[in-house]
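A.B. asks: Chain by chain, the residues run as shown.
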Amino acid sequence: AQSVAQPEDQVNVAEGNPLTVKCTYSVSGNPYLFWYVQYPNRGLQFLLKYITGDNLVKGSYGFEAEFNKSQTSFHLKKPSALVSDSALYFCAVRPPIKAAGNKLTFGGGTRVLVKP
Amino acid sequence: DAGVIQSPRHEVTEMGQEVTLRCKPISGHDYLFWYRQTMMRGLELLIYFNNNVPIDDSGMPEDRFSAKMPNASFSTLKIQPSEPRDSAVYFCASSLPLIGANYGYTFGSGTRLTVV
Chain A
1 AQSVAQPEDQ VNVAEGNPLT VKCTYSVSGN PYLFWYVQYP NRGLQFLLKY
51 ITGDNLVKGS YGFEAEFNKS QTSFHLKKPS ALVSDSALYF CAVRPPIKAA
101 GNKLTFGGGT RVLVKP
Chain B
1 DAGVIQSPRH EVTEMGQEVT LRCKPISGHD YLFWYRQTMM RGLELLIYFN
51 NNVPIDDSGM PEDRFSAKMP NASFSTLKIQ PSEPRDSAVY FCASSLPLIG
101 ANYGYTFGSG TRLTVV
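In order, the protein sequences belong to chains A and B.
To convert, note that position 107 of the first sequence is 107 in the working numbering; the numbers rise steadily by one, no gaps.
To convert, note that position 43 of the second sequence is 43 in the working numbering; the numbers rise steadily by one, no gaps.
For the record, the hints were derived by calculation from the structure and aren't laboratory data.
Treat the hints with caution; some may be incorrect.
Unchecked claim - Partial list, computed: chain B residues near chain A (C-beta under 7 Å):
1) Y31
2) L43
3) P70
4) N71
5) F74
6) A88
7) F91
8) S95
9) G104
10) G110
Predicted, not measured: the structure shown is a model, and the values here were computed from it.
A virtual CB, placed ideally from N, CA and C, is assigned to each residue, including glycine.
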């Protein structure tokens, strides 16, 4: 069975500094990987995904993520964080097999707090 | 498209009462998911449908919970009888098959349920 780990419950960063949110996964085969963001009182919003190809994926709002197969990681990054990036971030994985259907497995979430 | 529409946005009910949450997925999306979010458990998948057929209901906590999808544009999640521990934010999400250029799930804004 697949699983996703987000080892940090919260990440604090000063505005303008680089932001990294960590994610590691466990799945058979080459995974489909996703990042979602949740702002207060809102549903989750898609940020970016990795399906195949270039290991560095660029997404919305200046975020990017790097797929590292050897380390089974898919860390989310932003070169210069904004106060408005403060939110809850979820990593998700789906194995590349038909039997998985459309079911994503989500990590526990990481709260990001960007201070002015 | 108006996105995934959930109603009501907030629901406060007394223990023992029946609660019905509603969801209208994005037109053309053939997958529909119900999630529950709490501080203690994070984001939990309750059940998901494909082409109106329930595929995996292993996350439904107990017989008090039931979900239906009578047609492609409507789904309900019912709790009867409700209990205080059911208090949570319930999200509905819909998607196309997770292949190619598809952007994963689209989430609704959620229903905040409080059972007193």
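A.B. asks: Hint validation: G104/B versus chain A, beta carbon distance must be below 7 Å. Holds or violated?
C.D. replies: OK, holds: G104/B within 7 Å of chain A, min 5 Å.
A.B. asks: Report holds or violated for the interface hint on A88/B, using the least CB-CB distance to chain A and a cut-off of 7 Å.
C.D. replies: 14 Å, violated
A.B. asks: Going by Cβ atoms only, is N71/B closer than 7 Å to chain A?
C.D. replies: Interface hint status for N71/B: violated (19 Å vs cutoff 7 Å).
A.B. asks: Should the interface hint for F74/B be scored as holding, given a Cβ-Cβ cut-off of 7 Å against chain A?
C.D. replies: 18 Å, violated
A.B. asks: Per the CB criterion, is G110/B less than 7 Å away from chain A?
C.D. replies: This hint holds: G110/B lies near chain A, its Cβ roughly 5 Å from the closest one there, short of 7 Å.
A.B. asks: Would you check whether S95/B satisfies its interface hint, that is, whether its CB is within less than 7 Å of any CB in chain A?
C.D. replies: 6 Å, holds
A.B. asks: Using the nearest Cβ pair, does P70/B come within less than 7 Å of chain A?
C.D. replies: Since the shortest Cβ distance to chain A is 20 Å, the answer is violated.
A.B. asks: Would the hint on Y31/B stand, with a C-beta cut-off of 7 Å toward chain A?
C.D. replies: Y31/B check passes; min Cβ-Cβ to chain A is 4 Å, inside 7 Å.
A.B. asks: Under 7 Å, Cβ to Cβ, is where L43/B needs to be relative to chain A, so tell me if that hint holds or is violated.
C.D. replies: Check passed: Cβ of L43/B comes within 5 Å of chain A, closer than 7 Å.
A.B. asks: Verify the interface restraint on F91/B: the C-beta must sit less than 7 Å from at least one C-beta of chain A.
C.D. replies: 6 Å, holds
Hints 3, 4, 5, 6, counting from the list given before, are not met by this structure.
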